[in-house]
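Asks: Under the numbering used here, the residue at position 232 of the sequence shown is numbered 232, and the numbers go up by one with no gaps.
Everything labelled a hint here was simulated from the structure, so no lab data went into it. Take these hints with a grain of salt, some might be off.
Stated by the list, open to error - Quick list of in silico lysine-lysine cross-link-like pairs, DSSO-like style, CA-CA up to 30 Å:
{"hint": "1", "residue 1": "569", "residue 2": "588"}
{"hint": "2", "residue 1": "603", "residue 2": "588"}
{"hint": "3", "residue 1": "930", "residue 2": "719"}
{"hint": "4", "residue 1": "930", "residue 2": "945"}
{"hint": "5", "residue 1": "710", "residue 2": "155"}
{"hint": "6", "residue 1": "700", "residue 2": "710"}
{"hint": "7", "residue 1": "700", "residue 2": "683"}
{"hint": "8", "residue 1": "719", "residue 2": "700"}
{"hint": "9", "residue 1": "945", "residue 2": "710"}
{"hint": "10", "residue 1": "700", "residue 2": "588"}
{"hint": "11", "residue 1": "945", "residue 2": "700"}
{"hint": "12", "residue 1": "588", "residue 2": "573"}
{"hint": "13", "residue 1": "573", "residue 2": "529"}
{"hint": "14", "residue 1": "929", "residue 2": "945"}
{"hint": "15", "residue 1": "529", "residue 2": "293"}
{"hint": "16", "residue 1": "155", "residue 2": "535"}
{"hint": "17", "residue 1": "614", "residue 2": "529"}
{"hint": "18", "residue 1": "603", "residue 2": "710"}
{"hint": "19", "residue 1": "569", "residue 2": "293"}
{"hint": "20", "residue 1": "567", "residue 2": "529"}
{"hint": "21", "residue 1": "614", "residue 2": "603"}
{"hint": "22", "residue 1": "614", "residue 2": "700"}
{"hint": "23", "residue 1": "603", "residue 2": "683"}
{"hint": "24", "residue 1": "683", "residue 2": "710"}
{"hint": "25", "residue 1": "614", "residue 2": "683"}
{"hint": "26", "residue 1": "155", "residue 2": "614"}
{"hint": "27", "residue 1": "614", "residue 2": "535"}
These figures come from a predicted structure and were not determined experimentally.
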Amino acid sequence: MSAVEISCVVTAGTDPQALRRSVESVVAQTMRATEAVVVLGPALPPPSGGTAGGPGGTGPDDAEPAAEDVRAVADELAAQDPARVRIVTSGAEAPTTAVLRNHGLDQARGRYVMVLGEGERLQRDACRNLWEAAERSGAELAAGRWTRRAGRRTKEQPPARIVESELYARSRTVDEPAGAPELVVADALVTGFCVRTALLERTGQRYAEDLDRAEILFGAEMATAASRIALVPNLIVSGRAPDDPAGTLEGQLAAHVRVAELLTLQGRTALREARDRAFLADQLVHLARQFPKLDAEARAHAAALVAALPAARIHPDLRLDLPPLERVCLQLLAEGDADGVLAAGYALGRPGAVASALTEREGRVYWRADLPDDPGERAALDVTELGHHYRHATDTALLNHLTHCGQEGDRLVLEGLLPAPLQLLPAEAPLAATLEFVARGSDGRLVFRAPVEEMWREADTVRWRASVDIGALLRVGGARARVCDPRLALHTPAGTTTGPLFLERDRVDAAGRFRARPRLGGLFGDTWKPYVTVKHHLAFQLQARRRAGRLAAAALHYLTHFRPARKAKRLAKAVRRRFDRLSARPVKTRVYNRLLIRLPVRKGSVVFESHMGKCYGDSPSAIHEELREQRRRGMRHTWSYASSTDGFPADARLVRRLSWRYLWALARAQYWVDNQGFPLDLKKPPATTYLQTWHGSAYKRMGFAESRIKAQNAPEREKLSAALGRFDHFLVRSEHDVATLARDYRLPAESLVRCGYPRNDRLVRARATDESRGRFPRPALAAGLGIPDHRQVVLYAPTFRGMPKKGRPTRLPLDVRRFAERFGDEYVLLVRAHYLESAALPVCPPGTVIDVSAHHDVSELLCLADALITDYSSIMFDYALLDRPMVFFAPDLDAYVAERGSYFDLRAEAPGPVAESEAELLRVMGELKKSDTAHREDRARFAEKFGGFESGQAARTAVDVLFAGGTRR
């Protein structure tokens with residue numbers, strides 16, 4: 001290893017402490033053969049590459065003191081470690097960041113060189129990780145992960161596109177940028193990489209000194225010039241400054257155009273198109289989201305800059321894959337329509353809001369009436385899939401844009417406009433509205449109302465004006481209710497729609513302040529001050545500006561913050577923490593397993609649970625119903641619920657899952673009945689009988705055959721074995737279950753009950769009814785869902801694909817809107833998401849798509865459905881008992897099987913067509929009758945193979961087994 005392997009170029013910006021953080025992170029490297037090359041200019045350089053005294057730079061009055069502070073910090077760091085910190089000074093007259101970086105590259109001594117931006121910090125092993133990857137692979141460039149600050153928050157995040165692409169998911173090498181396109185497409189090489197000095201000498205590449213964001217172009221040039229690139233999964237750089245799409249827009253656009261020209265010159269057309277698409281989605285859409293935060297001048301400037309881009313960079317074809325509102329924003333930016341982008345940007349942050357007067361042409365809905373002649377640009381304004389034309393007036397949120405917020409004497413004067421979309425406000429409809437001021441924190445109970453005096457139509461908008469004496473109107477108490485949120489309630493023939501008032505931040509100061517008269521007196525406040533919330537809505541805050549009010553506020557602050565009060569708060573928090581610990585799950589588990597389990601069981605007590613308390617359904621509810629019918633004496637039924645008691649039986653005792661009452665019920669119960677598994681860490685009392693009904697036959701690998709379980713350590717597998725060992729009885733519905741579930745959960749043969757699933761007794765009876773009397777009249781559920789008799793019912797029930805992140809709804813594999821548009825006149829589509837997931841459905845034509853995910857009993861839905869669309873869900877085995885058409889929509893079949901494994905070949909065994917694309921599925925559904933006939937024998941074979949024990953008497957058999965005793969100790 002040479003004396004210096006990696007030179008880290010650090011350019012001095014305006015912040016001396018940022019320089020200190022960067023240099024100290026270089027000195028702290030575990031790889032000692034590194035040096036920090038600190039580059040200073042004769043005057044303080046602007047951070048973004050502009051000249052001194054320009055926007056974002058340092059003015060002439062304070063340039064010298066700031067430069068002296070930076071120089072002092074640099075000298076201090078160099079004195080502490082002169083062998084590893086060198087200071088070099090650029091003699092350039094205009095020392096932009098690019099100029100300083102190039103000077104640092106020229107002065108670097110290492111075999112490799114990397115550049116840090118202002119405030120960026122290297123991780124301790126960053127240089128070692130990059131150097132080892134480059135040396136091991138012979139790469140000319142090595143790169144790893146980096147993060148940037150997220151606004152004012154201390155938490156840092158990597159760019160979303162880089163995370164989603166898994167660019168740095170594992171160590172690897174690529175010989176072409178096409179092997180890792182995000183390096184160029186997502187600007188992954190703006191930091192966090194090193195290059196061989198030999199590559200720089202061979203190509204002569206340097207930072208473009210005429211670009212503000214020269215690091216974007218430099219990274220692309222390095223990626224395309226390197227003969228081999230090494231990628232590592234390690235975090236290399238943190239502390240990068242957050243993106244400012246408006247402040248750095250001009251530099252971003254210029255750099256993007258130069259990168260596109262570079263890729264075009266090199267013949268990398270696919271990379272250029274991918275980069276164009278990514279730039280539109282990541283940069284320009286993000287810019288549109290920021291428009292409500294910008295002042296009018298900044299908005300106009302940003303729109304003009306984007307409109308001046310070469311047409312090829314923002315061509316409509318590049319936007320077709322984006323969501324409708326994002327396409328609209330990009331089209332309006334391309335037109336330079338700053339006001340339009342403001343409205344569309346607001347709608348981006350408030351899904352479902354209508355921010356423009358929509359128009360309908362030839363069955364399609366467009367953003368505005370004035371449509372361009374170009375088909376691509378017209379398609380960009382198509383917002384049909386937002387479903388606004390299907391929404392009811394009360395579900396339609398309009399953009400209430402304030403055009404004036406001012407003061408006339410003691411009165412607040414508001415003027416605004418709102419769009420009049422489609423048929424929400426017919427031309428002949430009367431105009432009426434009310435201003436509502438909602439006291440924050442009152443849960444909507446404290447509302448003050450004032451009339452809107454003037455309303456009139458103007459083109460495709462409605463304008464209004466109101467004058468309010470808010471001092472007399474807003475008579476809040478003053479102690480708790482100190483903020484009021486105004487909103488406009490628009491009264492239409494179809495109903496009332498209510499929404500907040502949108503106001504730009506730069507216009508709120510002109511509104512002034514207003515006298516306040518709280519009910520509790522002037523000590524609690526005397527002034528209403530208008531301000532704009534983080535969601536860009538007008539609000540009013542009660543403040544104390546007079547001497548008496550300020551003294552009262554100061555006294556209250558002192559009483560709640562002086563030393564005894566602080567001690568009391570700390571004591572209260574400590575007591576609460578101790579109390580919370582008593583309710584923590586580990587404490588509950590220990591108390592249950594050591595104490596509660598010793599309690600004697602209560603004869604006849606049964607605890608039921610279905611899908612971890614999420615519903616009253618499945619086989620446990622069927623067994624519960626059977627016990628009701630048998631009217632056994634001395635029975636005490638208890639049901640667990642996860643969050644809500646809606647839908648659970650009123651005659652049963654209900655306990656919240658994992659509560660103390662839940663644990664008490666389990667400890668005292670003579671019988672446990674569930675279909676998923678009571679909490680794994682709870683032991684079963686010795687005298688308790690546990691009937692596990694299970695929740696479905698298996699297509700994917702289960703139990704100890706799962707790759708996830710195989711990867712666990714021995715203690716984790718032993719914990720699972722102990723939980724499975726609690727089962728006294730386990731219901732199976734076919735020999736397939738015996739050979740799969742029973743085998744891979746390692747259940748003893750004597751625990752198996754070959755009777756089928758109690759939940760399926762209903763399906764066996766429904767098939768008998770179909771054969772004897774037909775399917776009509778339909779079950780009462782059809783009328784409850786509003787399904788007419790002339791339309792068939794299709795149930796779409798996809799399988800579980802993994803828990804959504806942060807509770808976000810999952811995206812369904814099937815485009816239900818497209819299905820509704822194609823088959824809405826023939827079918828009603830019922831969508832049943834997996835009970836562990838939630839799905840956000842798009843707005844569809846009324847009555848065509850119904851979300852039934854919250855319905856407790858899936859067997860009722862199966863009996864109602866005339867056909868089933870599923871993929872790998874165990875619902876296929878249940879629906880086969882009805883002998884009705886099934887279609888398998890499995891676009892990711894091969895990937896799913898490779899990841900999860902399977903017990904049989906779905907393509908060979910499926911009792912219906914297997915569609916691996918949406919187009920194929922739509923074709924199959926159009927020929928459903930033909931498919932029904934062709935697969936009749938397949939359904940019979942499938943039902944016999946996977947439901948051979950189903951006789952319609954499973955609930956009765958399960959009850960007999962349960963009360964026969966037979967607890968395994």
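Asks: Each of the hints needs a verdict: does it hold here or not?
Replies: These are the hints, each one checked on the structure:
{"no.": "1", "hint": "569 with 588", "result": "27 Å, holds"}
{"no.": "2", "hint": "603 with 588", "result": "24 Å, holds"}
{"no.": "3", "hint": "930 with 719", "result": "50 Å, violated"}
{"no.": "4", "hint": "930 with 945", "result": "24 Å, holds"}
{"no.": "5", "hint": "710 with 155", "result": "35 Å, violated"}
{"no.": "6", "hint": "700 with 710", "result": "15 Å, holds"}
{"no.": "7", "hint": "700 with 683", "result": "28 Å, holds"}
{"no.": "8", "hint": "719 with 700", "result": "22 Å, holds"}
{"no.": "9", "hint": "945 with 710", "result": "28 Å, holds"}
{"no.": "10", "hint": "700 with 588", "result": "34 Å, violated"}
{"no.": "11", "hint": "945 with 700", "result": "17 Å, holds"}
{"no.": "12", "hint": "588 with 573", "result": "21 Å, holds"}
{"no.": "13", "hint": "573 with 529", "result": "34 Å, violated"}
{"no.": "14", "hint": "929 with 945", "result": "24 Å, holds"}
{"no.": "15", "hint": "529 with 293", "result": "20 Å, holds"}
{"no.": "16", "hint": "155 with 535", "result": "21 Å, holds"}
{"no.": "17", "hint": "614 with 529", "result": "46 Å, violated"}
{"no.": "18", "hint": "603 with 710", "result": "40 Å, violated"}
{"no.": "19", "hint": "569 with 293", "result": "37 Å, violated"}
{"no.": "20", "hint": "567 with 529", "result": "34 Å, violated"}
{"no.": "21", "hint": "614 with 603", "result": "27 Å, holds"}
{"no.": "22", "hint": "614 with 700", "result": "23 Å, holds"}
{"no.": "23", "hint": "603 with 683", "result": "19 Å, holds"}
{"no.": "24", "hint": "683 with 710", "result": "24 Å, holds"}
{"no.": "25", "hint": "614 with 683", "result": "22 Å, holds"}
{"no.": "26", "hint": "155 with 614", "result": "34 Å, violated"}
{"no.": "27", "hint": "614 with 535", "result": "34 Å, violated"}
Of the hints listed earlier, those the structure fails to meet are numbers 3, 5, 10, 13, 17, 18, 19, 20, 26 and 27, in rising order.
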